[in-house]
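Enquirer: With the working numbering, letter number 7 in the sequence shown gets 7, and the count goes up by one each step, no holes.
Since no wrong hints were added, every one of them can be taken at face value.
Derived pair list, reagent style DSS-like, types lysine-lysine, alpha-carbon separation capped at 27 Å: (1) K73 / K23; (2) K53 / K41; (3) K73 / K41; (4) K41 / K52.
Label-pair distances were calculated between CB atoms; the ranges are: (5) S93 / L25: 40 to 46 Å; (6) P28 / K52: 33 to 39 Å; (7) K52 / A75: 24 to 30 Å; (8) E87 / P28: 29 to 35 Å; (9) L59 / E87: 19 to 25 Å; (10) S77 / I22: 30 to 36 Å.
For the record, the hints were derived by calculation from the structure and aren't laboratory data. Virtual Cβ for every residue (Gly too), placed ideally from N, Cα, C.
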Amino acid sequence: GAVVRTMRARQAAQAPAKKLTIKPLRPPSIPADFDATTWLKLQAAVRAVHAKKPVESSLEELYRAVEDRCTHKLAASTYERLEQECEQHTARSLGALAGQLVDASAFL
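The task is simple: from the sequences and hints, build the whole structure.
Expert: See below:
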């Protein structure tokens with residue numbers, strides 16, 4: 001046991017130290033149509049939820065699309081587009097409800 005430890009210690013002392021270089025992480029390059037394709041996927045999912053229909057993309061795909069958009073500095077654009085999509089849905093829904101009811105107190 002002691003002889004093996006001594007031999008390993010000598011080998012470690014004689015081996016030159018390897019230099020470790022750490023490079024900064026860069027996000028991978030994105031395709032030219034990245035913004036359009038990821039937005040269409042998200043928009044289709046939001047519209048399907050609003051229409052109470054099944055969403056074609058998996059939750060993992062949608063999460064990854066949002067995560068990738070945020071990584072590539074499209075978070076603000078994504079938020080604004082999602083907000084606009086929800087506002088348009090709300091306006092359409094309220095318009096449909098307002099056309100159906102004569103008495104506004106029925107909402108209360």
